[in-house]
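What follows is the residue order along each chain.
Protein chains: 4
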Amino acid sequence: KRVREYGIKIGVLPTGQWNAITDVPGVQVGQVTVVKGQDVRTGVTAILPHGGNLFQEKVPAAVFVGNGFGKLAGSTQVRELGNLETPIVLTNTLSVATAMNAVITHTLRQPGNEKVQSVNALVGETNDGGLNDIRGRHITEDHVLTAIRKAQSGAVEEGNTGAGTGTICFGFKGGIGTASRKLPQSLGGYTVGVLVQTNFGGVLQIAGAPVGEELEKFSFRQQILEKADGSCMIIVATDAPVDARNLERMASRAMLGLGKTGGIASNGSGDYVIAFSANPGLRVPYETIQKTQTVTLLRNDEMSPLFMATIEATEEAILNSLFKAQTTQGKDKTSVEALPLEKTIQILKQHHVIRP
Amino acid sequence: KRVREYGIKIGVLPTGQWNAITDVPGVQVGQVTVVKGQDVRTGVTAILPHGGNLFQEKVPAAVFVGNGFGKLAGSTQVRELGNLETPIVLTNTLSVATAMNAVITHTLRQPGNEKVQSVNALVGETNDGGLNDIRGRHITEDHVLTAIRKAQSGAVEEGNTGAGTGTICFGFKGGIGTASRKLPQSLGGYTVGVLVQTNFGGVLQIAGAPVGEELEKFSFRQQILEKADGSCMIIVATDAPVDARNLERMASRAMLGLGKTGGIASNGSGDYVIAFSANPGLRVPYETIQKTQTVTLLRNDEMSPLFMATIEATEEAILNSLFKAQTTQGKDKTSVEALPLEKTIQILKQHHVIRP
Amino acid sequence: KRVREYGIKIGVLPTGQWNAITDVPGVQVGQVTVVKGQDVRTGVTAILPHGGNLFQEKVPAAVFVGNGFGKLAGSTQVRELGNLETPIVLTNTLSVATAMNAVITHTLRQPGNEKVQSVNALVGETNDGGLNDIRGRHITEDHVLTAIRKAQSGAVEEGNTGAGTGTICFGFKGGIGTASRKLPQSLGGYTVGVLVQTNFGGVLQIAGAPVGEELEKFSFRQQILEKADGSCMIIVATDAPVDARNLERMASRAMLGLGKTGGIASNGSGDYVIAFSANPGLRVPYETIQKTQTVTLLRNDEMSPLFMATIEATEEAILNSLFKAQTTQGKDKTSVEALPLEKTIQILKQHHVIRP
Amino acid sequence: KRVREYGIKIGVLPTGQWNAITDVPGVQVGQVTVVKGQDVRTGVTAILPHGGNLFQEKVPAAVFVGNGFGKLAGSTQVRELGNLETPIVLTNTLSVATAMNAVITHTLRQPGNEKVQSVNALVGETNDGGLNDIRGRHITEDHVLTAIRKAQSGAVEEGNTGAGTGTICFGFKGGIGTASRKLPQSLGGYTVGVLVQTNFGGVLQIAGAPVGEELEKFSFRQQILEKADGSCMIIVATDAPVDARNLERMASRAMLGLGKTGGIASNGSGDYVIAFSANPGLRVPYETIQKTQTVTLLRNDEMSPLFMATIEATEEAILNSLFKAQTTQGKDKTSVEALPLEKTIQILKQHHVIRP
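Residue numbers (our numbering), protein chains in the order written: chain Y, 1 to 356; chain G, 357 to 712; chain A, 713 to 1068; chain H, 1069 to 1424.
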């Protein structure tokens, strides 16, 4: 069950219909889980800002680097041009290049892109080498193309799925998580959706309660100071009419949501936030005879509710990834347990997070 | 009383002796509180990385811009050269220039600086215009020079003092707060000290408990969406041998501590973190015949405990600013209440933050 | 005489009417020159993006830090919010704070700003301490207010004037310079105007000719390696409808123009570029009931001609500052010669820059 | 012949022995040229900071983004950790992913790296799609592994070679170019070497002379404003003991060298500079029991000569790429002419660049 089904409330804003990144109209998610034998525990998660030809109709986007110890591909062009032109793909650290090749293949093949000679593939990763034979590089281009093809609206699978198949978070099994917030009409009525791939450490807090500490799963020696090549990828989508500059501001707030779960953005944790606006009025056409584009943008002064929505949805998405993940055995017979929900619920009741 | 005196524990690391920024050897703090008539509620807080001639012996430093809607002076030179050369001074938004002039005066006058022709004053601010007649610009150069001169080691005054005299935080009276963490010897034994000037909004959480929500003090309309020109200044000091690049990484983590108190880095909140190393072996001499400098620096791999210490100390410093602040009446008879401690303690007990 | 009056052509694009930053409609420049006794050689230059209330009608803006060894005030807010709200003021290094106070005074006093409590003064500087008794801090708030008040359209005074009164460039007398470019209608017909305060070193080149080398004025020991606390301030204005992100891209190109004059952005040279759009359709109202703003913006694809115009105008503005400057005696009887124009012209003829 | 063999002198500093990036002790370059049939004109250039195991002995490094319209992989980790851990590989835009996979393969295979699970491949590109069937993605992992294996010290092949096989610069055939500067002992005696992959536009200047304009090869319509997906990659190596912060400062100066050749960093031109120090004393061990590292670093004050050396070597490397390139026919029978050297020399004599 997801966090909210236990009566745990994160923040003060209401969620969207699915409480998922797909609550932002047009956004689609597709995932491929790759589990083979005892040692392969990995996968691919693709996020599409819209279902059309993204190269021909780019969307405003921004990247915020919370901690750069990671291999995110494509960030400098997003920063320079303020938009993204491909699906966002998440996978494991050593498969970023293969995923890039697949994204390029996908883009070159799309009808209308016959003359395209330059593609900025946006591919993020975390390191699932604790449970997955990452050196084996088991992700193929086909896996990625399938994830893109399977992308759809509606509910999103969480936990041990897609790019979260082999990840570890706060010493427990991590994975994919998602959540959303819908602002009241008086604040614009916009939706903010977040999807995360969780693979980081710290001292777990759930809705503020010191669950990690009480479960004694936070020890410095084991979770924090050991070499942690993992990363946390955070994707933030909105339908608010926000340009690249304000998307970057939203992206930076997602880190506060990560902080609220007890994450510390440790040295080895590459934490990246990619934010985009799926607002149809802001699409950037690749080819046009127009030299200017007329856009209606939210003013700076109206951004605060979107910041709050980003923080809340990020916190909840991370927690969902933990709640939905399952105990997993992988490479070298390593086993990583899921968050012990029974004990956790008990602690949350004790701390009045879940009203008894 | 401070947070910890109520039995509230923030994080898992031990504090330093004073639980203050001054636990970092050499660091001094001086404050001047300016309260006049009904309308003047402001002041100055000065932080000195060491007691010597800072211009002649600069210290490694970094600035992280959490949200740039503020007037911090001096950041680009710190970024370029990786060091700071003056006391750090905090005051109100419209008095930054006066404080800069005072810092320049202080530096030009110091023995040994007779030929100095360039001074990078590092001055931060938050907007205390809710309680203070900020347009009157009541801070004088003398106030700033006095704060610098009074700087000393040991316990630091908190709450309505110095640059925190007129600030507002989460709808309650904010102010100056401080805290520290001391790593165990196995992690290097280093100290991290934080001092904050709190003047921002969000939904207050104390050690994770939803105090703001339960006190009904978080309404969007009143606290978050109204024009908030305030800022949160965060100063992070350490004796760890850390260079500018890793200090910038520490600085960025302080934002996670702010997030854990419920801050959202709203549009109008200029949130800046200044981090410096007071480690004596890293002083940068202004004049020397040496063309190189030999330094012993902490490796990247050893940074995570310092990140965690920064997050914890920031969270606790912010809470200390609230716990030590007092109800204040100011400009136009505006009154801002202190955090209602009795009710707060009750809520914290209910949430098991304070063990009954 | 200015560069172009000698038949020297910089680049391939045509200039505007005045070949000045004021060719951008609405932009005004005001200067105050402060020369007293033997030791005071300084001043103030103010650039106004438009003649109205800048705080109430902000303009899109960006800052690019070429080399951050300088004291530019106001950059982080410009970066965060994407706009500027005051006149841009240039002066000497140790008078930045006084200029800020004056800009705040100016803003607080403007009709309509009676309730304003936060002002982001944008003040740049270079260090004229070679010719000026900079430690005496001879700039007063009145000087700055006068420069703002005197601001007007039309021709701009260059050389030893305003903030360029005491500056040194390539070992010769520097100062204020300006230039502009007007794109052909087929490229949008936009104007780019640049104003510079030149106070930096390197090996002077004029339209590519190695003038510095041939005049033997480039020696490492004397011009480059000696402590040079100077800075080069570059202000770029345009009427093209360009947002903050693309203004930052234009700003970064100005450094290429500086490079073409032989500047090397030496360690001690704080090189900052401030770019803004004076396009009336992009004004950002301070107060409005609208939550969104509709703007018509130039597409990324159309930026290249503006980049080229920025580079050309910057190069020519720097050269104009040298051509119009005059030999000056200042502090401690230091004398700095103007560029020896006769010899220079000869060299330029030899190198076919001036067609014989 | 190279620029200097025609008696053309760029700047005022002496070159190293080979006038190549390999003048920096330890640096090696390997190239593979891929020419097949009529349509394949591409290749790979690998730069190795030292000949050992780069992952085990990382080197201080920095990336400066001149214009981010490109696909450089690996930049955020370099920025965060201040070092690089693989060979730098240059290739074409759509082959970055394949090159990354090869760099990962190379690293995983190196003796001593048997347990490595995370590799930050640093791969740059420019778009050779004008002459090369770039959509065919003809670069294989083997090509890249061969380039790395072939890397050696000594003279470097220039022009139509390696990653420069199919590139176009200022409308002429571009390619790979290199140059170096050796500072006099009084300035430290350090070497700065630069290698470029040139594929950009503007108005060509050679040692300041307006060659592009006189050859009528600069027209806006054709060279500048047409969609130019190209990029300029600039690699800067030094043996000076410079840390990541000062390497970033050196990197930013390389753009001034590009500017001096007439480059404008047009919208479509992704211009990246990667700088590293090959100084043996600064190697960063991957595994060590030491928690600190003692390093001897050049002071900020000593950086200016290195900045100047970077600018000069970049300018000369770009020109070498043009002088050594040859007329090439490629995809769709497109033909790109080499710089017409005879006419060019004539123009340079007229402008006194080459003394008659």
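It should be emphasised that the hints constitute simulated quantities derived from the structure, not laboratory data. Predicted model only: the values in this text are computed from it and were never measured. Take these hints with a grain of salt, some might be off.
Unchecked claim - Think about it this way: if two alpha-carbon atoms lie no more than 20 Å apart in a straight line, the pair counts; the simulated SDA-like pairs of lysine to any residue are:
| no. | chain 1 | residue 1 | chain 2 | residue 2 |
| --- | --- | --- | --- | --- |
| 1 | G | K687 | A | K827 |
| 2 | H | K1417 | A | H1064 |
| 3 | A | K721 | H | E1355 |
Consistency of the hints with the structure:
With a C-alpha separation of about 13 Å, the suggested pair K687 of chain G and K827 of chain A falls inside the 20 Å cut-off, and the hint holds. Between K1417 of chain H and H1064 of chain A, the direct Cα distance comes to roughly 10 Å. Compliance with the 20 Å bound is thereby established for this hinted pair. As the CA atoms of K721 of chain A and E1355 of chain H are separated by approximately 58 Å, the hinted pair breaks the 20 Å bound.
Comparing the model with each earlier hint shows a violation of hint 3 alone; every other hint is respected.
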